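Counting from 1 along the sequence shown, just add 28 to a position and that's the residue number in the working numbering.
Among these hints, one or two may not hold up.
[Stated by the list, open to error] Pairs of lysine-lysine, DSBU-like flavour, derived with a Cα cap of 35 Å:
{"no.": "1", "residue 1": "Lys173", "residue 2": "Lys202"}
{"no.": "2", "residue 1": "Lys62", "residue 2": "Lys167"}
{"no.": "3", "residue 1": "Lys167", "residue 2": "Lys136"}
{"no.": "4", "residue 1": "Lys173", "residue 2": "Lys90"}
{"no.": "5", "residue 1": "Lys173", "residue 2": "Lys225"}
{"no.": "6", "residue 1": "Lys173", "residue 2": "Lys62"}
{"no.": "7", "residue 1": "Lys90", "residue 2": "Lys62"}
Note that these hints are calculated values from the structure, not bench results. Remember, predicted model here, so these are calculated numbers, not experimental data.
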Amino acid sequence: MHLFLRVVVVPLFAVFLMGCASSARRLEVAAVSKIKVGVSTTAQVEEIFGRPSHTVIGPNEKSVARYYFRQYRVVNDVRALERQEHPGDILFRTLSVRYGPSRVIEQKLHDESVTPVRSYNDTFIAGPTLMPENINFIKENMTTKAELIDHLGEPTSQTFDFDGVPTLIWVSAKSRRLIDAEARQLVVLLNERQVVKGYAIILHDIPGVNGNWR
29 MHLFLRVVVV PLFAVFLMGC ASSARRLEVA AVSKIKVGVS TTAQVEEIFG RPSHTVIGPN
89 EKSVARYYFR QYRVVNDVRA LERQEHPGDI LFRTLSVRYG PSRVIEQKLH DESVTPVRSY
149 NDTFIAGPTL MPENINFIKE NMTTKAELID HLGEPTSQTF DFDGVPTLIW VSAKSRRLID
209 AEARQLVVLL NERQVVKGYA IILHDIPGVN GNWR
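All chains should be built: construct the whole structure from the sequences, respecting the hints.
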């Protein structure tokens with residue numbers, strides 16, 4: 029599990045906080061619908077989307093390729109005071125593709141989320157609070173996916189591993205002007221009953237990202 033977290037979480041967080049991806053790789057529905065489970069090959073997928081953000085290699089020649097797209101959207105259709113408190117939203121899309129030994133798609137998942145960015149006293153905050161007291165309700169083999177969403181809202185990203193195990197990721201970030209960003213990620217693995225199989229909190233200190241909130 030620790031290896032899986034290392035290869036999944038770091039690329040996801042980097043895309044979430046860094047600059048916008050190329051407009052050619054927005055992971056829109058029209059493009060994603062062109063690739064078919066049981067039909068499309070690795071070469072055909074990469075012809076449309078390019079090389080993945082990263083790839084996880086599993087046993088028996090299985091692999092999972094993940095593509096990410098992030099875009100900051102400024103809120104314009106509200107009053108000035110509301111815009112000061114809620115300056116924008118972060119659109120995040122994930123495309124996960126699992127290949128078998130023949131390099132043909134065995135599973136795919138296209139996910140999209142919108143995370144509001146809030147401003148409080150020159151501090152910009154995105155995502156749910158992921159402090160220990162806010163996630164102590166999570167119990168392995170007990171807490172369900174529905175309960176996670178009820179407490180934390182919709183996840184920032186949904187994906188799976190090379191065995192098809194569902195994985196939910198919540199990102200929480202805070203940035204003050206002229207001060208480095210603080211961020212946490214909650215990564216949750218689910219079993220076939222949509223119950224928590226395992227989870228971990230990943231902590232980050234990322235310098236120089238506060239300008240991206242604007």
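Is Lys173 within 35 Å of Lys225, Cα to Cα? holds (11 Å)
Hey, Lys173 versus Lys90, does the alpha-carbon distance stay inside 35 Å? holds (26 Å)
Distance restraint between Lys90 and Lys62, which requires alpha-carbon spacing of 35 Å or less: Cα-Cα ~22 Å, so holds.
Given the hint that Lys173 pairs with Lys202, test it: the Cα-Cα distance must not exceed 35 Å. holds (25 Å)
Lys173 paired with Lys62 [C-alpha distance capped at 35 Å]: Holds. Lys173 to Lys62 sits at ~29 Å (cutoff 35 Å).
Take the C-alpha atoms of Lys62 and Lys167, compute the straight-line distance between them, and say whether it is at most 35 Å. At roughly 39 Å apart (the allowed maximum being 35 Å), Lys167 and Lys62 break the hint.
Hinted pair Lys167 and Lys136, Cα distance within 35 Å: holds (28 Å)
In summary, the one numbered hint that this structure violates is 2.
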